[in-house]
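K.L.:
Based on the hints, put chain X in the right spot on chain B.
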Amino acid sequence: MSKAVEIKNLSYKYPDGTTALEDINLSIQAGEKVALIGPNGAGKSTLLLAMTGFLRGSGKVFVDGLEVNKKNMRQIRASIGSCLDNPDDQLFMPTLQDDVAFGPLNMGLESEQVEQRVAEALETAGLGEMGEKAPHHLSAGQKRAAAIATILSMRPKIITLDEPDGSLDPRNRNNLIGLLKKLPQTLVIATCDMNFAFAVAERAVLTDGGRIIADGDVEKIMLDEQLMTKHGLETPKRRG
Amino acid sequence: MHHAHIDKFAYQDSVIHRLDSRVKFIVTVLFTAVVISLPRTSVSILFCYAVGPFAVLVLAGIPLRFVFKHILIVSPFVLVLAFSSVFYDRSIVRIAFGPFLWEVAAGWLRCFSILGKFIITMMALIALVSTTRFGNLLCGLQKLGFPNILVIQLGFLYRYIFILIDRAHHIIRARSGRKLKNLGVRREVKVAASMVGSLLGRSIDTAQRVNIAMEGRGFNGNWHSLSRLRVRASDIIFIFLAAAFTAGLFIFVKPILG
Chain B
822 MSKAVEIKNL SYKYPDGTTA LEDINLSIQA GEKVALIGPN GAGKSTLLLA
872 MTGFLRGSGK VFVDGLEVNK KNMRQIRASI GSCLDNPDDQ LFMPTLQDDV
922 AFGPLNMGLE SEQVEQRVAE ALETAGLGEM GEKAPHHLSA GQKRAAAIAT
972 ILSMRPKIIT LDEPDGSLDP RNRNNLIGLL KKLPQTLVIA TCDMNFAFAV
1022 AERAVLTDGG RIIADGDVEK IMLDEQLMTK HGLETPKRRG
Chain X
789 MHHAHIDKFA YQDSVIHRLD SRVKFIVTVL FTAVVISLPR TSVSILFCYA
839 VGPFAVLVLA GIPLRFVFKH ILIVSPFVLV LAFSSVFYDR SIVRIAFGPF
889 LWEVAAGWLR CFSILGKFII TMMALIALVS TTRFGNLLCG LQKLGFPNIL
939 VIQLGFLYRY IFILIDRAHH IIRARSGRKL KNLGVRREVK VAASMVGSLL
989 GRSIDTAQRV NIAMEGRGFN GNWHSLSRLR VRASDIIFIF LAAAFTAGLF
1039 IFVKPILG
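Protein chains in written order, with the numbering used here: chain B, 822 to 1061; chain X, 789 to 1046.
Pulled out of the complex, with its shape left as it was, chain B reads as follows (with noise of 0.2 angstroms):
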């Protein structure tokens, strides 16, 4: 199995002078799916951005192979999409198939190309009938899918997510489990939310301080109460 991420001996600081990484050293391999778990200010938005490039800290931080610098950016950002915290900042052109056809657009692709990748995208993110409407127009559940629909139409081999459960009610929380667990990709998902993390993810990176406290199975490490209580988190419910 091939690397899809790796990280080695990431330090980064904020300009204030706050420490948001720690030697972070980090392998994910081709199609896992991965839970970035920690409390609030654990570095777990930091560490998504440095993986798509849009932090340089010190140490290496390699996509598909790729190492992250301003020479390999536009092949790292074909090969890894990220989604926002918030799809209002995701979701910026006037209507959602615009937006879903920004990404393979710019990557210069013929129009009837565009167009089945929308149309594929929108499908997946449950959102097919929905290409004319204005993301104004979309409730939160749906702008949240459309937010991953924008990022399917380019096709990435990785893909992270931040807080993506965020405000969701449990049956829009529901489907965007269903979108993730059928999504091919290697996924990286930040989260607060125990329960998301646990039905999605196979694979739990809890993250305080800054730091890598604990990297395994997500049933060995999330529900060991003792580790997830002293880093500030909550076990979640047991599967089935």
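Hints may contain errors.
What the hints assert, rightly or not - Some chain X residues close to chain B (C-beta under 8 angstroms, calculated; not the full set):
# : residue
1 : Ser873
2 : Arg947
3 : Ile951
4 : Arg1005
Unchecked claim - Subject to a maximum C-alpha distance of 20 angstroms in a straight line, what follows is the list of computed DMTMM-like cross-link-like pairs (lysine to aspartate or glutamate):
#  : chain 1 : residue 1 : chain 2 : residue 2
5  : B       : Lys954    : X       : Asp993
6  : B       : Lys1002   : B       : Glu1023
7  : B       : Lys978    : X       : Glu1003
8  : B       : Lys891    : X       : Asp801
9  : B       : Lys892    : X       : Glu1003
10 : X       : Lys796    : B       : Glu953
11 : X       : Lys796    : B       : Glu950
12 : X       : Lys931    : B       : Glu931
13 : B       : Lys1058   : B       : Glu1046
14 : B       : Lys954    : X       : Asp801
15 : B       : Lys834    : X       : Asp993
Honestly, the hints are just simulated from the structure, not real lab data. Here the structure is a predicted model, which is why all the values come from computation and not from measurement. For each residue, glycine too, the CB sits at the ideal point set by N, CA and C.
P.N.:
This is chain X only, laid out in the frame that chain B set:
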């Protein structure tokens, strides 16, 4: 939060909605230019010009109540401008309507002219945005050769103005929830300034995040759209009717009504 979106009828279907966005845009701009360029003394003919956008709105099924509500919302500035002309132009002019003859201050003529032109051009503008999806309008502007940067800015304005309004409402609500007494002008101004600052800070934060979302999807400065615009026979007929209506009024009716 739900807003009364100006384009809420743009998703309907009618013969006007199906017209090419470029055709509607050009006709609206030319019609507006003709109406604005009418002399200030040509007040009566404005009623005839109003028939154009009125007919378009009726054909498109846009409720007139919606139209006049939106005209009213943006009217305060124009009302001040129109009524102020009554005070600074007091020269007397004679106006005739059939056998009737009046003498009035020229400022009143100017006032009615400004109001009439404002209402008609606003009706035309609302007819345009209420019958054209914003994405198609942007695509039309781009195909008409408008600069990319302008098209992108308009797209963002349309997308984020509602989010900004929502955030402003939230901040005002949070303030109201804790406002137990009036703090006096100085402190109230200070609080208001902090609220505006907070809104600005959040807007910058949003802009940075949108930039990340755009760069993450390979944005290179070009605005692409999947909308496919096509000029059809109905568009040609619409152009012909609009031109005939505007020119007909100018050539045949203006000499009679002045």
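K.L.:
Taking the hints in turn, state whether each one holds.
P.N.:
Now the hints, each set against the structure:
For serine 873(X), the shortest C-beta to C-beta distance to chain B is roughly 39 angstroms, which exceeds 8 angstroms, and the interface hint is violated. The interface hint given for arginine 947(X) is met, as the beta carbon of that residue sits about 5 angstroms from the closest beta carbon of chain B, less than 8 angstroms. A least Cβ separation of about 6 angstroms between isoleucine 951(X) and chain B falls short of the 8 angstroms threshold, and the interface hint therefore holds. With 8 angstroms as the threshold, the beta carbon of arginine 1005(X) comes within range of chain B, its nearest partner Cβ sitting at about 4 angstroms, so the hint holds.
Using a Cα cut-off of 20 angstroms, the hinted pair lysine 954(B) and aspartate 993(X) is violated, with the two alpha carbons roughly 26 angstroms apart. Taken as a hint, the lysine 1002(B) and glutamate 1023(B) pair is honoured in the structure, with Cα atoms around 10 angstroms apart against an allowance of 20 angstroms. In summary, the hint linking lysine 978(B) to glutamate 1003(X) is supported, as the alpha carbons are separated by about 17 angstroms, within the 20 angstroms threshold. Between lysine 891(B) and aspartate 801(X), the direct Cα distance comes to roughly 48 angstroms. Violation of the 20 angstroms bound is thereby established for this hinted pair.
Between lysine 892(B) and glutamate 1003(X) the alpha-carbon distance is near 15 angstroms, which keeps this suggested pair within the 20 angstroms criterion. About 13 angstroms separates the Cα atoms of lysine 796(X) and glutamate 953(B), which keeps this hinted pair within 20 angstroms; it holds. At most 20 angstroms may separate the alpha-carbon atoms for a hinted pair to count; lysine 796(X) and glutamate 950(B) meet this at roughly 18 angstroms. This hinted pair checks out: lysine 931(X) and glutamate 931(B) have alpha carbons roughly 18 angstroms apart, not beyond 20 angstroms.
Straight-line distance between C-alpha atoms of lysine 1058(B) and glutamate 1046(B) comes to about 12 angstroms, which keeps the hinted pair within the 20 angstroms bound. In summary, the hint linking lysine 954(B) to aspartate 801(X) is supported, as the alpha carbons are separated by about 14 angstroms, within the 20 angstroms threshold. Note on lysine 834(B) and aspartate 993(X): the hinted pairing holds, with a Cα-Cα distance of about 19 angstroms set against a maximum of 20 angstroms.
When each numbered hint is compared with the structure, violations occur for hints 1, 5 and 8.
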